[in-house]
Amino acid sequence: MKFPNFTHFSPSSFSTTGTQLEPKFIYVNNSMSWSKAQKFCRGNFVDLAIIRNENDSMMVEKFGPFADYSWIGLYRDPIFNWSDGSSVLFSNWHNVYNVIGLMKVICGVTSLRESGSWEFLSCGRKLPFMCYTKLPRVSSQQYYYYGFLRALE
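Note that UniProt numbering has the sequence shown beginning at 1, numbered continuously upward.
These are computed hints drawn from the structure, not numbers from a lab.
Treat each hint with caution, since some may be false.
Unchecked claim - Okay, derived cross-link-like pairs now, DSS-like style, lysine-lysine, Cα gap no bigger than 30 Å in a straight line: (1) Lys36 with Lys134; (2) Lys62 with Lys126; (3) Lys134 with Lys39; (4) Lys126 with Lys24.
Stated by the list, open to error - Listed next, with one range per pair, are the computed distances between beta-carbon atoms: (5) Lys126 with Arg42: 17 to 23 Å; (6) Ser91 with Arg113: 28 to 34 Å; (7) Thr133 with Ser31: 18 to 24 Å.
We treat Cβ as the ideally placed atom computed from N, Cα and C, and that holds for glycine.
Given these sequences and hints, build the entire structure.
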């Protein structure tokens, strides 16, 4: 499989708890349906991006220059969940009403031009997407560089 273009951001903070894991978000500039994007993320990283708090949301927002919409791990069938099965406890809904009509299953996108706010679209639409992987947090003697990498095919 040809590996698509991707960009990643790493956390800028450091912690004294060296055993915890922190997410790293990867923007994949290759348009796929939500389910194919999820399969790609699970095969190459951990899963589609799961945004659990304001810090995660701010990291995802940094991808704004790359695309308008990107799939994240959010879906509704019939309730809101993340792709790992966990509940949605933090939210960043777009303030404009998102018409979903009669669609039973809908999938979440982050609107990168709208401060990373969330909306729903038909899961079959082909869009770039965000994956995540886990990075160990580092001790206070070490600093985790807020990394930016653009890898080309």
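Identify every previously stated hint that the structure contradicts and give their numbers, smallest first.
The structure breaks only hint 6.
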